[in-house]
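Taken in order, these protein sequences are the chains called A and B. Be aware that the first sequence starts at 23, since it is given in the working numbering, and climbs by one per residue. Be aware that the second sequence starts at 23, since it is given in the working numbering, and climbs by one per residue.
Since the hints were made in silico from the structure, they are not lab data. There could be a bad hint or two in this list.
Copies of the same chain look alike in the list, so a pair counts if it fits in one copy or across any two.
When the alpha-carbon atoms are kept at most 16 Å apart in a straight line, the in silico EDC-like pairs for lysine to aspartate or glutamate are as follows [to be verified]:
{"id": "1", "residue 1": "547", "residue 2": "519"}
{"id": "2", "residue 1": "593", "residue 2": "581"}
{"id": "3", "residue 1": "547", "residue 2": "514"}
{"id": "4", "residue 1": "234", "residue 2": "320"}
{"id": "5", "residue 1": "557", "residue 2": "620"}
{"id": "6", "residue 1": "547", "residue 2": "582"}
{"id": "7", "residue 1": "316", "residue 2": "236"}
{"id": "8", "residue 1": "544", "residue 2": "519"}
{"id": "9", "residue 1": "544", "residue 2": "584"}
So the chains spell out like this:
There are 2 protein chains.
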Amino acid sequence: MSKLTDVPKRILIGRALRSDRLGETLLPKRIALPVFASDPLSSVAYAPGEVLLVLSVAGVSAYHFSPWIALAVVVLMFTVVASYRQNVHAYPSGGGDYEVANTNLGPKAGLTVASALLVDYVLTVAVSISSGIENLGSAVPFVVEHKVLCAVAVIVLLTLMNLRGVKESGKLFAIPTYVFVAGVFIMIAWGAYRGFVLDDTMKAPTADFEIKAEHEGLAGFAMVFLLLRAFSSGCAALTGVEAISNGVPAFRKPKSKNAASTLALMGGLAVTMFCGIIGLAMATNVHMAENPAKDLLDNGAALGGDYVQNPVISQVAEAVFGNGSFLFIVLAAATALVLFLAANTAYNGFPLLGSILAQDRYLPRQLHTRGDRLAFSNGIVLLAGAAALLVWIYGADSTRLIQLYIVGVFVSFTLSQIGMVRHWNRHLATERDPGKRRHMIRSRAINTFGAFFTGLVLIVVLVTKFTHGAWVALLGMVIFYATMSAIRRHYDRVAGEIAAADGPSDDSVRPSRVHSIVLVSKIHKPTLRALAFAKLMRTDTLEALSVNVDAAETKALRDEWERRNISVPLKVLDSPYREVTRPVIDYVKSLRRESPRDAVSVIIPEYVVGHWYEHLLHNQSALRLKGRLLFTPGVMVTSVPYQLESSEAAKKRARRRQEWNAPGAVRRGPVEKRAKEPSKSGKKG
Amino acid sequence: MSKLTDVPKRILIGRALRSDRLGETLLPKRIALPVFASDPLSSVAYAPGEVLLVLSVAGVSAYHFSPWIALAVVVLMFTVVASYRQNVHAYPSGGGDYEVANTNLGPKAGLTVASALLVDYVLTVAVSISSGIENLGSAVPFVVEHKVLCAVAVIVLLTLMNLRGVKESGKLFAIPTYVFVAGVFIMIAWGAYRGFVLDDTMKAPTADFEIKAEHEGLAGFAMVFLLLRAFSSGCAALTGVEAISNGVPAFRKPKSKNAASTLALMGGLAVTMFCGIIGLAMATNVHMAENPAKDLLDNGAALGGDYVQNPVISQVAEAVFGNGSFLFIVLAAATALVLFLAANTAYNGFPLLGSILAQDRYLPRQLHTRGDRLAFSNGIVLLAGAAALLVWIYGADSTRLIQLYIVGVFVSFTLSQIGMVRHWNRHLATERDPGKRRHMIRSRAINTFGAFFTGLVLIVVLVTKFTHGAWVALLGMVIFYATMSAIRRHYDRVAGEIAAADGPSDDSVRPSRVHSIVLVSKIHKPTLRALAFAKLMRTDTLEALSVNVDAAETKALRDEWERRNISVPLKVLDSPYREVTRPVIDYVKSLRRESPRDAVSVIIPEYVVGHWYEHLLHNQSALRLKGRLLFTPGVMVTSVPYQLESSEAAKKRARRRQEWNAPGAVRRGPVEKRAKEPSKSGKKG
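Isolated chain A (complex conformation) (with noise of 0.2 Å):
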C-alpha cells in the first residue's frame, strides 16, 4: 500500500516545487529571457509591416516618416521598460499589472486591469497565431492559401498540448528564441554588409509594386491623424513586456535585480530589431498596403484578390537572403515558431490570472486550487474557444486583429503606472532613510512619466483606433468585468449569510437526538455493508426503509429481511404512483414535524463504478434523491460506497488526474511566495 501512494507522490515531487529543492528549478537569465519575452519579441515580426501599412494610406511618399515612428516607439519601449524595471523591484514577490493596480489603486481599477489582461490574453493567441500563419506561409504557399484551418488546427494543437499539461520547459523555448533573435540580428548585419559595404541594391519582391494612395495629398490633422495611426499599429511591439513583472519569483537570485536585468536586454533587442526591421524595408523598397488587393499595382494594373501579400519581415529575408535560400527558410520557420510560442504563454497566463482572481472570488473559487486540472482545463479551453472564435470572425488577419489588441495593453500598462506612482507616495509618507527616499522619488518620476506617456498612447489608441476594432475589445473587457463583480457579489453576500455569530456557540436550534435511516431497495453487499456501518454509529434510533413500488418485490424484501434476521427494523413506504423520491421526502418530513429539534440522518448504499456509460446505469434514483434531500433542513445524507470491481479503473484514472502537470509552472515559480502577501490573506474574511 505505502509503494503505491509514494510512487505518484515522488513522480510529483520530481516536478513540482517544493521549497527545499527549489533553488534548482529556479531560472538562469539566459533561460528566463526565451521564456518570458517571446511574446514582445515575437511581435516585432508584425508591428513593423503595421506602421508601412497604416502609412501606405497616405501614398509610399508617407514612408520616409517611418522612422520617426520607430523613434517614437522606441521611446516608448524604453519608457515602459523603465517604469516596468521599477514593479519588479517594488513588488520582487512577481506584482502583476492586477496586483500592482488592486494593492494601490483599489479593487475596481484591479478588476479593470484583470478584464484588460484577459482580453489581452485572448488577443495574443489570435494575433500572434495568425501572424505565425502568415509568416510560415510565405515559406509554404499551402499554408496561407487555408489560413483559418491552419490557424484554428494550431489552436486546437496547442489547446490539447496544454490540457494534457505539457511541462514548460525553458529549453523548448530558448532554442526557437535564440534562433529567431540570430536570424534576425544575422540579416540585419548582413544586409547593412550589403548595403554599405558591397552597395549591392537589394529588392523587396514587393519593391516595383506602386501604391494607390487611398488619400492622395494628406495633410494637417488628418496626416496628424494617420500617424498617430500608424504610432499605434506599432506600440504592438509592446504587447507582452509586463510578462517578467509577473514572473519575478521564478528568477534566480538576486531575483528583482537579475529580472530587471532581462528586462533592460529584453527591451534592448526589440528595440534594435524592431528599428533594423523598418530599415531594412526601407532600403530593400518594401510595399505593403491596407488592401493590397486593390491598392498594390503592378505596372498600373491592381494585383487583385489572390495576391498574398506577405509579412515585411519575410520580404525583407527575401531581399537579402533570396528567396528559398536556407537562411530564409530558418527564420521564416523560427519566426512562426516564436509567435505559436508566444500564443502558449497566454495559455499559461490566462489560467494563472484565472486562478488569483479566484483568491479574490472574482472567478469561481474552483479556479483557486493551484494545479487543479480542471481549474486550468476551464481556463484554456475558454482562451481557445475565444481566439478560435476571433481568428475564424476575423479570417486570422492579423492586420485587422491587431486593431482589436493595443487598448487592453494599454489599459493596464497606464493603470499600473499610476498603481506605481501611488506605491512610492504611499512609502515615501513613512520612509525615513534619505539615500532610499531619493532612490523612492527617482522610480517616482520614472513611473510617473510612465505613467503619463502610457495614458497618452492609450488615448491615442482609443481615438485612432475605436472604430476599426477597438471597441469589440473594450465590449469583451466590459462583458470580463460585469461578470467577475457579479460573481464577488455573490460570494459575498453568501459570506453574509453563513456568517458565524460571535460567541462559543452559535446553532440557537441544536439538534438533541438522531435518527437513522437506511435506504434498502434489495438485500445484497452494498445493502448489508450500510446497514453494518449504520450500526456502528449508534444513533439513538435506527431503522430501515423501503419504498413499496412493486408489492412482489416488497414481498421478497420482507421475506429475506426475516430469514436473515437482521436486528434492524424493516419500514416500508407506499407509493401509489411508483415514485421513490416523494414517500421518503415526505416521511422524513414527517419525522422532523413529529420531533423537530431531532436531525435526521439519511444513509444511502451506493456502487461505485468506474466508466462514465457505467454512472448513467447506476445510482441516478439515489442521487436524485440525495439532491432532494440536502434542500430539507435537519438532514444529513451518508453515502457508503461499494466499490464494483470496474471501479479499479476510475480509481487509475483519478490518480492520472492528480499527476497532471499544470501549465505555466515555471513562469510562476515557487509556491510558498505568493501566499504570504498581503494584498491576498488580508482579503478573506
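Following the hints, complete the assembly by docking chain B onto the known chain A.
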C-alpha cells in the same frame, strides 16, 4: 407545513391514476377509438398513393392491378385484426408485442421485437409528419416549398409539448380523428353519388398527365416483383394496428371485449377508407409517378423539378369537392392534424416501451420509474432527434421514408403471432374444459394464419424493399439490439458481483469502530452545524480536519477555534502543493492502514444553492473530494447541508418538476395491473 405538501399532492391525485379512482379515467370505446386509431387510420392518407406510385413504374396500364392489391391489403388487414383480437383476449393486462414475444419465445425474440418497435416509433414520427406536411401543403403551398423546415418545426413543437408534459386527453384526439373519418366518408359517398347517380365526370388535377413508364411492358417475374412491391407499400396502411393490444387496461370493463370490438371497428374503418380512396383515385384518373419530375408528362413534356405531386387523398378531394372548396380545406387540415396526432402517439409509446425495457434491465434502470420526468425526457429527445435526422436526410419525402417503415412493423407482427401460437399450445397442454379448448384451438388457428401471412409479408417486404431503404431500418434494429443486450449483460454482471452470500451474517470483515472526521475550511454556520451533527453521532473518535493551503488562513482558523473553545480537536494537514483532495485521501488511507477494521466517516459541510450557476461557484472541491473518497474502501461520506436563502428557488423548481405529467398516461391505463404480471416480477433477482 402540512398545507404546503398537501397542495401538490392533491393536484397530483387529480391527474395521476390511483386505484380507488380508476373507473372514472377509463376510456369508453368512442374515445378509445380515436386515441388508439389515429395512427392506423391516418395511414390511409399515404398508403393508397404508394401503391399507385409503385405501379406507375410499369406504366399507367399497371394501374388496373390496383384493386387486386387493395384486396390483398384488405385480406391482410382482416387477418392482422383477427389475430390481435386474440392477443387482446389472451393478455387483458395489455400484452404488447414485446411482452408476448418475450414471454412465449424467450428474451431474444422479445428484444428483437423491442428493437423493431423502437425503430418503428422513430419512423412513425418521420413518416407521419412528412405526410402531414405534404397534405397540408396541398392547401398551403408555402408548407411544401419549405418541407424539411416545416417538418422539423412540427417535430420540435411536438417535442416541446411532450417535454412540458401535455396531458393526452381523449378529446384532443377525438375531434380531428372523427372529422378526418367523417370527411373521408363524405368524400367517398359524395364521389360515388356524383359518379353513379349524377354521372358527373370528376377529374383529378393529374388526370390529363401521362406517365412515362420506366419499364414499359413488364411481364413475368419482373411484373410479379413489381406487384409485390406495390403490395408492400400498401401494407403501410397496417402500421399502428397493434397499438390497442398495448392499451387494454385503459378500456372500460369488460376490457378485453371492448378492446376487441374497437379493434374490429378500426379495421373496418381503415379498410373502407383505403378501398374508397383507391376507388376514387381510379375513377378520377389520378396519375402518380415515382419520379414526378421526369416521369409525369404534360402534353409530352416532363413536368420538371418544380412540380409538386400532391398526395392521392388530396387529389381525390380536389376532384370530388373542387379545389379550394371549404370541404377540401377542412379535409386537408384534418388529414394533416390526424397525421401529427399519429406522430404524437410515438411520443407516448417510445418512452413507455423504454420503461418496460428498463424494468427488464435492457435499458438504464432509471427509465423504469414511471412518470419520472427525466426518464421520459431522455426518450423523447432521442426519438425526436432520430426522427428529425431521418426527415432531414430524406428531405421529408414520405415516399422515400415509407421504404424504411414496414420492416419493423412486420417483424413485430410476425414474432408476436408466433408467440401467440406458443401461448395457446402451452395453455392447451393443461386446459381440460372442452369448451375452452375449442375456443383456444380456434384462436390458435387464427394466430397461426396470422403468423404465416405476416411472415410472408415480412419476407416480401425484405426482398422488395431491402435496397430501397429497408436496410437502414434493419441497421437501426441491430444497433438497438446490441446496445440493449450490452446493458443487460452489465446489469447481470453487477448483480452477480453484489449478490449477498446466504446466511444471516455476510460481511466477513465487519468494522468494529468508527473514526469521524469533520472537514473544516473556515468557521461559519455550515461548519458549526456539521460539528454539532457529528457530535450527536457518538462515534468512537471525532476530530476536525483542515488542510493548510494558506498559512495565514490556517492560523486564523486555529485562533478562532481556540477562542470559541470548540471541544472537538482540530488537526491540520500540510499541503506542499496547495491541494486539498490528496492530503485528505492520504490521511484517511493512513487511518485505515493503522486500524484496518475501523470505518472512517468523513463529514462534509455543504452549501445548498438555488441556481445551476451558483453550483459552479460552490462546493466544487468538496464534490471532487467526495468523488475520490467513494473509491476508498471502508469510508462513508456524510453531507451536512446548509440551505442558503437562494435554495428556496431550487426547492420550488424540484417540486414543480415532480408535478409534471408524463405523456401517454391515458393510453397506458391504470398502474397496478402491470406490476402483477408474471413476466416481470419473475425476472427480478
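We went through each hint and held it up to the structure:
When the C-alpha separation of residue 547 and residue 519 is checked against a cutoff of 16 Å, the pair qualifies only between copies, where the shortest distance is 9 Å, while the shortest distance within a copy is 42 Å. Within a single copy, residue 593 and residue 581 get their C-alpha atoms as close as 13 Å, which meets the 16 Å cut-off; across copies the closest is 46 Å, which misses it. Proximity of residue 547 and residue 514 under a CA criterion of 16 Å is satisfied inter-copy only: 15 Å between copies versus 45 Å inside one chain copy. In this assembly of identical chains, residue 234 and residue 320 lie within 16 Å of each other by CA distance solely inside one copy; the values are 10 Å within and 60 Å between copies.
For a Cα distance limit of 16 Å, the shortest separation of residue 557 from residue 620 across copies, 13 Å, qualifies, whereas the shortest one inside one copy, 18 Å, does not. For the homomeric pair residue 547 and residue 582, the shortest alpha-carbon distance inside one copy (14 Å) is at most 16 Å, but the shortest distance between copies (43 Å) is not. Within a single copy, residue 316 and residue 236 get their C-alpha atoms as close as 10 Å, which meets the 16 Å cut-off; across copies the closest is 56 Å, which misses it. Proximity of residue 544 to residue 519 under the C-alpha cut-off of 16 Å is restricted to the inter-copy arrangement: shortest distance 14 Å between copies versus 41 Å within a copy.
In this homomeric assembly, residue 544 and residue 584 come within 16 Å of each other (Cα to Cα) only inside a single copy, at 13 Å, whereas the closest approach across copies is 47 Å.
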